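Enquirer: Residue strings, one per chain:
There are 4 protein chains.
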Amino acid sequence: MNIRDTSALLAGVIADVQGSPDRRELPIQRVGVKGLRYPLRWRSAGGEQPSVGRFGMYVALPADQKGTHMSRFIALLEARLAADRPALDAAGMRAMFGEMLTLLEARRGRIELSLPLFVRKTAPVSRVESLMDYDLSIVVEGDDDSPVTTMTLVVPCTSLCPCSKTISEYGAHNQRSHVTVSVESAEPIEPEEIVALAEAQASSELYGLLKRVDEKHVTERAYENPKFVEDLVRDVAMALRRDARVRGFVVEAENFESIHNHSAFARIES
Amino acid sequence: MNIRDTSALLAGVIADVQGSPDRRELPIQRVGVKGLRYPLRWRSAGGEQPSVGRFGMYVALPADQKGTHMSRFIALLEARLAADRPALDAAGMRAMFGEMLTLLEARRGRIELSLPLFVRKTAPVSRVESLMDYDLSIVVEGDDDSPVTTMTLVVPCTSLCPCSKTISEYGAHNQRSHVTVSVESAEPIEPEEIVALAEAQASSELYGLLKRVDEKHVTERAYENPKFVEDLVRDVAMALRRDARVRGFVVEAENFESIHNHSAFARIES
Amino acid sequence: MNIRDTSALLAGVIADVQGSPDRRELPIQRVGVKGLRYPLRWRSAGGEQPSVGRFGMYVALPADQKGTHMSRFIALLEARLAADRPALDAAGMRAMFGEMLTLLEARRGRIELSLPLFVRKTAPVSRVESLMDYDLSIVVEGDDDSPVTTMTLVVPCTSLCPCSKTISEYGAHNQRSHVTVSVESAEPIEPEEIVALAEAQASSELYGLLKRVDEKHVTERAYENPKFVEDLVRDVAMALRRDARVRGFVVEAENFESIHNHSAFARIES
Amino acid sequence: MNIRDTSALLAGVIADVQGSPDRRELPIQRVGVKGLRYPLRWRSAGGEQPSVGRFGMYVALPADQKGTHMSRFIALLEARLAADRPALDAAGMRAMFGEMLTLLEARRGRIELSLPLFVRKTAPVSRVESLMDYDLSIVVEGDDDSPVTTMTLVVPCTSLCPCSKTISEYGAHNQRSHVTVSVESAEPIEPEEIVALAEAQASSELYGLLKRVDEKHVTERAYENPKFVEDLVRDVAMALRRDARVRGFVVEAENFESIHNHSAFARIES
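Going line by line, the protein sequences match chains H, A, V and F.
Its first residue numbered 0, the first sequence is counted upward by one per residue in numbering that gives the first Met the number 0.
Its first residue numbered 0, the second sequence is counted upward by one per residue in numbering that gives the first Met the number 0.
Its first residue numbered 0, the third sequence is counted upward by one per residue in numbering that gives the first Met the number 0.
Its first residue numbered 0, the fourth sequence is counted upward by one per residue in numbering that gives the first Met the number 0.
Hints are supplied without guarantee of correctness; some may be wrong.
As the list claims (entries may be wrong) - Here's a subset of chain F near chain V, in silico, CB distances under 8 angstroms, partners left out:
hint	residue
1	Arg-36
2	Tyr-37
3	Leu-39
4	Arg-40
5	Gln-48
6	Pro-49
7	Val-51
8	Ile-73
9	Ala-74
10	Glu-77
11	Pro-115
12	Phe-117
13	Ser-129
14	Leu-130
15	Asp-132
16	Leu-209
By construction, these hints were calculated from the structure, which means they are not laboratory data.
Keep in mind the model is a prediction, meaning the values are calculated, not measured.
Even glycine gets a Cβ: it sits at the ideal position worked out from N, Cα and C.
Based on the provided sequences and hints, a complete structural model is requested.
Expert: Here it is in structure tokens:
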């Protein structure tokens, strides 16, 4: 469907309030739609998976234009995410960004997508398989020639406190932590690669399904591998630095402390 | 994979703490896993759609049993939601409930699933199509012979205030509202039927994509059709009463008032 | 301010749409306002504390009445929570419930209040003091003669897995858990009593501020005191049963597992 | 209590793991505690009010230091928010920031506080008074000599769609919107000033309590004063530009559209 032609047609019948000129001389960096939920098939290194994404889509508006055409964002999603179209991936997000600028007649813009990423994992001893879920978001922002793509993953893991281990005769407090990694890269990086990179630095990684032999293994692994929140962000940052594709990153770690009702938190930005 | 056999095997090597007897003489009505997120394909009246569900799975535990076998719940999800299995639907939820009781050797239990439901809608004048999203949850609870299935839908809609319309010379405050309908039924009801039933009672229904001719239509329709929160719950309750399949229901309406920073709320239970 | 007199006055000038009769013959169990946030001073066993409460206030509406008078709920909160009025406590909630029924000319109703409860705690070895926060909610519901008051506390604590401890050569996974206790009582119970009762059953309680000697103590205490989610609900239920004031209760425990990305959950109702 | 002396004492008995040197040569920009909830009295232009704040407190950690001293953040909050200390205000936040750097022996840091702000408002016609609640956050960040204070307010208001009004024979869709204003200023600005500035640009402001004469007034006022999300951010940005104290700002507007299930959104940064 040609949305702009339809709009032109309607413009003869019903006033186009958004299309009128604006005299406040204030450009708007970002205007669009937020909180759009859509079913889709997602594709990355682990293959294709059913998913539900939440989208934000925005364009820059010049100072002399009163408003943008909100319905065109929805039309673009409808067209791109139709059931007979290929699964969405990071490259598809980049292509959709270009189409959005064209359709909205804009020079700059921003697309945000948040969705769960499911990774099939194998338990360390029993080898039983199960899915783990991570929160993935992808932002494409800039102009059509050189937009920047930023990928963010929230990687839940176990952290075990080095202090607690050292000072206690037995045991050590441990807890679920969130390691959040944002990466801007020169070449494409698969989200599953970032998950694996972050998990390798945790006291232990998490699994959906563990048999008793696995539970023994992850318990002992965490105990052998204590990490402060400071260690988590430093070790993940070191691993990102060794990857030549990474141009910039932010690493955050939040420990939902099992001995407090607040979190320990650290952040490194590069 | 036969989980129980594997467990039996492991029991010889590693202590089965959950399997030991309990002396507190307290049965537990509900024990299991909560907050499990899984990719799936959902099927109801509108066809099949990619989705992500959040599951809670619980069984009753007799007084003399110390603990349940948490990993079996995950194994069941893994088996039932595998990519080569049919899409999940309400009947599939009922079947999974039975399998859970068998696998967990339990007499009573409860499965909860929450997922978004997407419905393809046609704009009232331009006939342009788009998806609308609703929150759907399904609970199956009871024993294996006669479990009760409850379906709940959160249906966002427009409400326009009758008082504001009557007392004002022009305009009337209106806002987004959530009509939440829980239905227990003797025969299956499709979630799309409940959506349509609730939307028919709103000041206006919502759409993803509206052209200007449609926006004029829904604006005027809402103005012609003012409803208090009390009207919303009564009118939806009346419609549910006319449906012979419905055995019991709860209807709630929450108006996110556009003139206040709180909600107006009403609830009818039958 | 006498709201009803003012309303009567206005009724002569501006149509009273809510006051008109209704012909659908459907009583409404609950209609009112939701999500009202108010500053207040809270008083319970631990003394008076600055607080912010979130209120829901509802009345039953007879079948022949079109709507309730929403503004009267707000007027009641304004009057009751004025800065020069005494701090709010559980008895004050009960009194406010009665005033609400009178003001709204209703026979039945429901008031809900959610607020944080802060308890001053002393670290187990260093004796250093700090505050811990809990979520408290109080619901008063019924008619004016015999309303039922239900108090619910979310008590965060540590749980350490008995299975993990038994099968592992060293360490044991542990995590933050939420024990949620709802109590309906014949005589008043202070929320701080419920907090203490629940914490006594955890692997360890939590603290805001711990010195290293304290961290050693809570780590070892949790290791000596492993609990499944099933143990948590049973042990809290046993303690509630021993309290003659308790007429009914619900106990839930949710472990935010440090080896999984989902929760273990149990619930006992009595 | 002198926390550092106590720490020194304990260091002789129990290993100080955090205090050991680090060899990864990676400074950490931000390490500390997050999600701390505390009761407090807040003071700004509208006077003193009971409140509950949520704090994040972080310092920069040099490359050669393994960890920070988490318990000192809590000790600072305990000391500063004690019941016998003056109410907290923006200047108090700035002072607490300096104390934090000293106590943690850090050169740079960041304090975040989020709390509700309650403003007493007078209904436009009846003059009846009630409270409105806003979300306020204050961030102090930088070094001790020239930290930057940023104040952010989420101001809920009514927006009425100019397009819907123009094209419809009667009515116009309107909805609750959030105008979010972040301000960095050379001189102190009271949060209540930002609230008033933003509300003046909305189609209408919101109130807790409105009588029917007021409801008529705000309904008609919104209808006379339609605003797109683009208009909201531009008009608020223009007002901020006229205030000589403002050094930089971000203005966002999100309309929770009453005809869609998604938001319209705009953002201006200066």
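Enquirer: Against each hint, give a clear statement of whether it holds in the structure.
Expert: Results for each hint:
no.	hint	in the structure
1	Arg-36	4 angstroms, holds
2	Tyr-37	7 angstroms, holds
3	Leu-39	6 angstroms, holds
4	Arg-40	5 angstroms, holds
5	Gln-48	5 angstroms, holds
6	Pro-49	3 angstroms, holds
7	Val-51	5 angstroms, holds
8	Ile-73	4 angstroms, holds
9	Ala-74	6 angstroms, holds
10	Glu-77	5 angstroms, holds
11	Pro-115	6 angstroms, holds
12	Phe-117	5 angstroms, holds
13	Ser-129	6 angstroms, holds
14	Leu-130	7 angstroms, holds
15	Asp-132	4 angstroms, holds
16	Leu-209	7 angstroms, holds
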